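S.K.: Given next are the chains, with one letter for each unit.
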Amino acid sequence: MVITGEALTEDTALVARTLRSGQKVRCAGNVLVLGDVNPGAEIIAGGCVVVLGTLRGVVHAGAGGDEAATVTALSLLPTQIRIASRITRPPDGQPAPDVYRPEVARLKDGEVVIEKYVVSK
Amino acid sequence: MGVVYVVTSGKGGVGKTTTTANIGAGLAKMGKQVAMLDTDIGLRNLDVVLGLENRIVYDVVDVVQGRCRLKQALIRDKRFENMYLLPAAQTKDKTAVTEAQMVELIGALKPDFDYVIIDCPAGIEHGFKNAIAGADKAIVVTAPEVSAVRDADRIIGLLEAHGFHDLQLIINRIRPRMVESGDMMSVDDMLEILAVELLGIVPDDDSIVTSTNRGEPAVLDASSRAGQAYRNITRRLCGEDVPLLELTEKEGFFSRLKTLLAGR
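So the protein lines, in turn, are chains A and B.
Residues in the first sequence are numbered consecutively from 1, following the numbering used here.
Residues in the second sequence are numbered consecutively from 122, following the numbering used here.
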């Protein structure tokens, strides 16, 4: 089931719900989710993805090749993150830490890195 | 006019049929008019769990295809005269019934019963769509396993897409000791992901195996802990405010003695 979301601005779609397993959001621009992204759910965005909730599913930001795209969540515990043509996943064998703090994933020197979310001025 | 509940889970083997049988029998014991409908065509089980297999003459496919009247296919329970079962066909498959036929069938059942409980097959295909077609409300059954929770989440998404709201969750087969030691998902862990209303928790209980095999729903067994959990669930369905079952098992005399001897 593909969910399109409602247009928030010209290039950003708003998904005001929790995405459950099997649900998929596809959008050429940015995606803003007000809710959780559960395991088995998928977001594919041309631009950035922001989840105001817990991200446990699969997200592909910059799906059209935009290497500046980022993935931000209040709690970032994804199954997999893809940015442009890079794919990354949490390390094997380590249970997901019980962190609840905003983090952002971005490409740095061709690798996906995850950092604490800091408001840039 | 009765309320129609569908009992579903996505994953197989988490206890849909057991839950249907126990909720049905529990409601019947409280004096409600109950009809149970097995929609698992080709793999029927509800009749066995209720101990009514040897009474089947007609089934749901015979009814929708007009080979018999609804009243002829309804089997009256051997314990409660206010509880009926409409069995699934065993020699057909899911495509023998359409969603429109299910809606019509349930429409015909509703006026005569307080509750119609539909036992849904595993999966998300034709059988699932048939089972939910005529239902008013949905009960999702899951177990404390990652795969069962994943499937429950999928099912909840599909139910919401079909216009079901106020979904209710039953967490089956909880083992308190394993939860305590951190080896099993806790109720809170599961609710955090699924985020739906909790209807009840049912502890893993050996007596379920025997009661299922004997065709006697555990809810009728006063000594069964799972039965107690199902009695609570049926009372909640009737609008009563019943606290969740205390999960920590009562320690017996011998285990207390053992801890005492080993501990000091």
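Bear in mind the hints are in silico, worked out from the structure with no lab data behind them.
Any given hint could turn out to be false.
Simulated DEER-style distance windows between Cβ atoms [claimed, not checked]:
| no. | chain 1 | residue 1 | chain 2 | residue 2 | range |
| --- | --- | --- | --- | --- | --- |
| 1 | A | E6 | B | T219 | 46 to 56 Å |
| 2 | A | R101 | B | G303 | 19 to 29 Å |
| 3 | A | T4 | B | H283 | 12 to 22 Å |
| 4 | B | G152 | A | Q94 | 48 to 58 Å |
| 5 | A | D92 | B | H283 | 30 to 40 Å |
| 6 | A | V2 | B | G133 | 19 to 29 Å |
| 7 | A | S120 | B | T219 | 52 to 62 Å |
| 8 | A | E10 | B | L319 | 40 to 50 Å |
| 9 | B | R298 | A | G93 | 43 to 53 Å |
| 10 | B | R298 | A | E111 | 42 to 52 Å |
| 11 | A | D92 | B | G133 | 21 to 31 Å |
The calculated lysine-lysine pairs, modelled on DSS-like cross-linking and capped at a C-alpha distance of 30 Å, are [as the list claims (entries may be wrong)]:
| no. | chain 1 | residue 1 | chain 2 | residue 2 |
| --- | --- | --- | --- | --- |
| 12 | B | K192 | B | K150 |
| 13 | B | K231 | B | K250 |
| 14 | B | K192 | A | K24 |
| 15 | B | K231 | B | K150 |
| 16 | B | K199 | B | K258 |
| 17 | B | K132 | B | K231 |
| 18 | A | K24 | B | K258 |
| 19 | B | K258 | B | K132 |
| 20 | B | K231 | A | K24 |
All values derive from a computational prediction rather than experimental measurement.
A virtual CB, placed ideally from N, CA and C, is assigned to each residue, including glycine.
S.K.: Give a verdict on every hint.
M.R.: Status of each hint after checking the structure:
| no. | hint | in the structure |
| --- | --- | --- |
| 1 | E6/A to T219/B: 46 to 56 Å | 34 Å, violated |
| 2 | R101/A to G303/B: 19 to 29 Å | 23 Å, holds |
| 3 | T4/A to H283/B: 12 to 22 Å | 18 Å, holds |
| 4 | G152/B to Q94/A: 48 to 58 Å | 54 Å, holds |
| 5 | D92/A to H283/B: 30 to 40 Å | 37 Å, holds |
| 6 | V2/A to G133/B: 19 to 29 Å | 27 Å, holds |
| 7 | S120/A to T219/B: 52 to 62 Å | 57 Å, holds |
| 8 | E10/A to L319/B: 40 to 50 Å | 42 Å, holds |
| 9 | R298/B to G93/A: 43 to 53 Å | 25 Å, violated |
| 10 | R298/B to E111/A: 42 to 52 Å | 43 Å, holds |
| 11 | D92/A to G133/B: 21 to 31 Å | 28 Å, holds |
| 12 | K192/B to K150/B | 22 Å, holds |
| 13 | K231/B to K250/B | 19 Å, holds |
| 14 | K192/B to K24/A | 44 Å, violated |
| 15 | K231/B to K150/B | 19 Å, holds |
| 16 | K199/B to K258/B | 27 Å, holds |
| 17 | K132/B to K231/B | 28 Å, holds |
| 18 | K24/A to K258/B | 25 Å, holds |
| 19 | K258/B to K132/B | 19 Å, holds |
| 20 | K231/B to K24/A | 36 Å, violated |
The structure does not agree with the numbered hints 1, 9, 14, 20 stated previously, though it agrees with the rest.
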